[in-house]
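Sequence order for the protein chains is X and H.
Taking the working numbering, the leading residue of the first sequence gets -13, the next gets one more, and so forth.
Taking the working numbering, the leading residue of the second sequence gets 670, the next gets one more, and so forth.
Just so you know, the hints here were simulated from the structure itself, not pulled from any lab data.
Even for Gly, the Cβ is constructed at its ideal location relative to N, Cα and C.
Hints are supplied without guarantee of correctness; some may be wrong.
Said to hold, decoys possible - Examples of chain H residues toward chain X, derived with CB under 10 angstroms:
| id | residue |
| --- | --- |
| 1 | PHE840 |
| 2 | ASP842 |
| 3 | ALA859 |
| 4 | GLU1113 |
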Amino acid sequence: MSRFDVIVIGAGHAGVEAAYAAARLGCSVGLCTMSRDTVAHMPCNPAIGGTAKGHLVREIDALGGLMGRAIDATGLQFKLLNRSRGPAVWSPRAQADKRLYAAWVREAIDREPNITWLVGKAGRVLVEHGRITGLAMEDGDRHDCAALIVTTGTFLNGLIHIGDEQHPAGRHGEPPSRELADSIKSFGFETGRLKTGTPPRLHRESIDFDGAVRAGAFAEECGDAVPVPFSFDTTEAPRNQIRCWLLHTTDRVREIVRANLARSPLYNGRIQGIGPRYCPSLEDKIMRFPDRERHQIYLEPEGLDVDEIYVNGFSMSLPRAVQEALVRALPGLEQASMIRPGYAVEYDFVQPTELKSTLQTQRIDGLFFAGQINGTSGYEEAAAQGLVAGINAARAIRDEAPFTLARDEAYIGILVDDLVTRGCLEPYRMFTSRAEHRLLLRIDNADLRLTPLGREAGLVDDRRWTRFAARRARHERNQRTLDTTRAGVLLRRPGIRLRDLLDRGELALDLEPSSGDLEVATLENDVKYAGYLKQETLRAQRLRKQERRRIPDDFAFARVPGLSREAVQRLSQVRPETLGQASRIPGMTPAAVAVLGVFLDRPLTPLTPPAPLTPPASN
Amino acid sequence: MFATDDSIVAIATPPGRGGIGVVRISGAGARGIAGVMLARPALEPRRATYTRVRVDEVVATYFPAPHSYTGEDVIEISAHGSPVVLRAIVQQAIDAGARLAEPGEFTLRAFLNGTRDLIQAEAVGDLIAAATPLQARVAFDQLDGTLTRRIRDIDAELFEVITRLEASLDFPDEGYHFIEPAETARCIGAVVGSVDALLAEARRGRMIREGATVVIAGRTNVGKSSVFNVLAGSDRAIVTPVPGTTRDLLTEQVDVDGLALTVVDTAGWRATTDLVEREGVARANQARGVADLVLLVLDQSEPLTPEDGQLLQDTASHTRLIVANKCDLPGRLKSAPTTGTVMEAGAVVGATSVVGTTSVAGATSVVRTTSVVGADFSRPISVSAKTGAGFDDLRRAIVCALTGGESLKDSVAISNTRHVALLVDARESLLSAQRAADAGATPEEFVLTDLQAARARFDDLVGTRTSEDVLRHIFERFCIGK
């Protein structure tokens, strides 16, 4: 029996960020995990980042989180996606050494004096008078806490499918947490069932990579010549240490999948959960897009000294023998041997409309949910929620105002708002198209947008703040130089590149060498697309007023005249905190939002019609 | 804003006596209220039932939610069209628990319940206010969803481009391009074309919906008031041979080939010391300022006077027609001392006429109807107010000048100023996107900001779509994901 300010259940990507953030804000934290070997584990693809996900990592880093520094320290191959486009959609992605990554994070947690490991199985969530009081472990131990953050990933009623085989489990080889699941369910949260999957892993030694490249079966994939780091704190550019390989599926693969479809739990009705559309299983790719002749497959090493090769794009839940045949039907993998088959996993999630934008549940004070349990997929989405929950748990304990980010401030703000407003119908992944003000939310300005907020929240230490202040001053100086010099004016013309001006010595800027070419490119784009940026900023400002109009906590939606029963029901369920959030609730009509807006400022008196407004039409 | 959780009642037919009159009750309690009122309270859905209320024999029809006008339970009671009877029925409904509806409240409920979109709700108002059959038809088409469908079709076209651009941005690793820049520009161009086609109808539509003001101008004693009377179809204006008879503005509502026109007769223009007449002339000048069309009347039995010349100059910047009156008399209209021949003056007028370039809805953008079919503004139209000769030509010319020469027989999808303004905005954004895509150097995300802005305008017109819809569309069409 011990006492913590905050207990975090689960030490995956959400859990470690939550624990770290709460600890940095001065809370005593108990971090509960079944095994210290699976801290910050990557059960699926060994990579961090990607379009929009890379944005999330930069933002986590700008706020003082772990993920960016962890991947910079342990990444094996770095790429900036969308380089041919503008900086708003550039996104870093890196292959990780999954062992080194986990070890780096474990050490970072170990170094935090406020964090105590609680190794064991979490059992019951203890609640009194609608408020969290502690956690009972399955072995009987009890720990008191004021806030509890649940980050159990796919562990809630997890069910693994490999062909006909079915076994209850969380991730591969780990036991599920039934008691905890029942305990959480007993509070009456609305839950749903989702599905995700992972591909088979191959023995590195069984593949002749160079031979396959020579034979034209594989194409080599290398990292960027000048890698761009994830963290604003990284001063030394990370190094590329590995290659990956690209290959394509064959007709034979199609034939095998079709012949064995009845043995896939996805297609024989055994899997009920809804899978992500953006990451379709091999079965889905073949059956839903019959016209597509071939599909891309990437072979990715899971680490420097790791035997496993991850077969990206080849996730499936067919029987083991069929998977072996499919792997060998791929060009260059005729001799490959499988370490373990791919599988599909079904799991329960809690509809995130149960949450406030602090990620605290509406039903129970002090209970927070973060990560896959909220219906998201991806390490980055999980980590971002962990950070938000960790900060807010600490603030809730001290009765401080919630820490929330707006949709025009950060992808993290979009993530949380989408979740708590719209809920999930499938595993939620971040995309840049989810951002209304995409041009403003860039990876290069994540620190300018968020580090001051991280500092205010107490997550950014003095060393980092000093570094940031210098970087911001330098950036402003560079902008002034571009605004005021002849070369800056020249840059506005098409075809004139900032790099050339710098190289020819027509212009001198104070650049950070470790930022790669990111800083040059963003300074250039700020000049070249100034018109677009200005417009976008104005648009965001215009929307901000309605967006941020607050709806009181105790607002009685049922007493607003003019709202349909259905609208009242949705509003009461989601409990939007702003008018902007209310407008994004599925099924809310513009008319309903307008009505709500009118009554936000008026006392609600039931059934007496107030001064009539002009109706939209007369008859 | 009114309460919407109660039941409302109102007389749905116009005030006054009629063959029948209808009382409409809407709300969750409508059936219960009718049950109290009707002698045979059991009503089958959507079937007319003959029954009685306290004061009359009636036919009652029950429209269950949501398939009713308001989207709620609706009872319509048809009684004999006496105001006394109808008021008594309404009172009976109020006694049974209904509330007297505010003006427009039935339609407001339809809008709030989603059975009508904003365009349709607006169209209900237009339909009821229609003064000409043409107005009614345009309003009905909109109520029927014609405009909504047109906008949705255009939006779908745009949505397709947006989806492919978004897919390019969010899935750069898929090994193929979702759309090439040249095709982007071409697709956006097609959307602009569709918007233009709709906007081309706007001027005509707005003219039909809102009508136009036609001001008759001219020096004294050319017969303006006679022309006015013929157009108005009555002897509204006093006509005498005495110059300066008309001193104030006279207006008359006239239906000219379906257009609701307000025709204004003005005092004749001359230098005068008469105080009253001077005020009349000032008002005439003012009226010309707000006119959609000026009819400049000349007397073709007299040579052009300096006053005529002055007026030809003063009205040159207006949309105008030159009307040569008194064609029953020998023509003596040849040359004017200051402005040359009328033909020449008219030719100048024709060249500078701004027909078809009137800015719509106060927006700066222009719906240009460059060639005006069948209208030759350089030639005066000969009429005789005395014999009525030439007035068919004049009416045709008036309609032509106001609508840009297009036939009013074709239906018009768009007539409301709000709709036009939003479309013009959308068009601007589309053009900006097209320019950017055409140049090829601007990355997709910038093109997309303009396209999203255009889509937001369409949303303002009919409804909303979310980023979730974009993603759904992407996943339906492309196999994406490693």
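Here is how each hint holds up against the structure:
1. Interface restraint check for PHE840 of chain H: the shortest CB-CB distance to chain X comes to about 7 angstroms, inside 10 angstroms, so the restraint holds.
2. Because the smallest distance between the Cβ of ASP842 of chain H and any Cβ of chain X comes to about 7 angstroms, under 10 angstroms, the interface hint for this residue holds.
3. Here the hint on ALA859 of chain H is broken, as its CB sits about 22 angstroms from the closest CB of chain X, past 10 angstroms.
4. Among the interface hints, the one on GLU1113 of chain H holds; its C-beta lies about 6 angstroms from the nearest C-beta in chain X, closer than the 10 angstroms criterion.
This entry does not satisfy hint 3, going by the numbered hints stated previously; all others are met.
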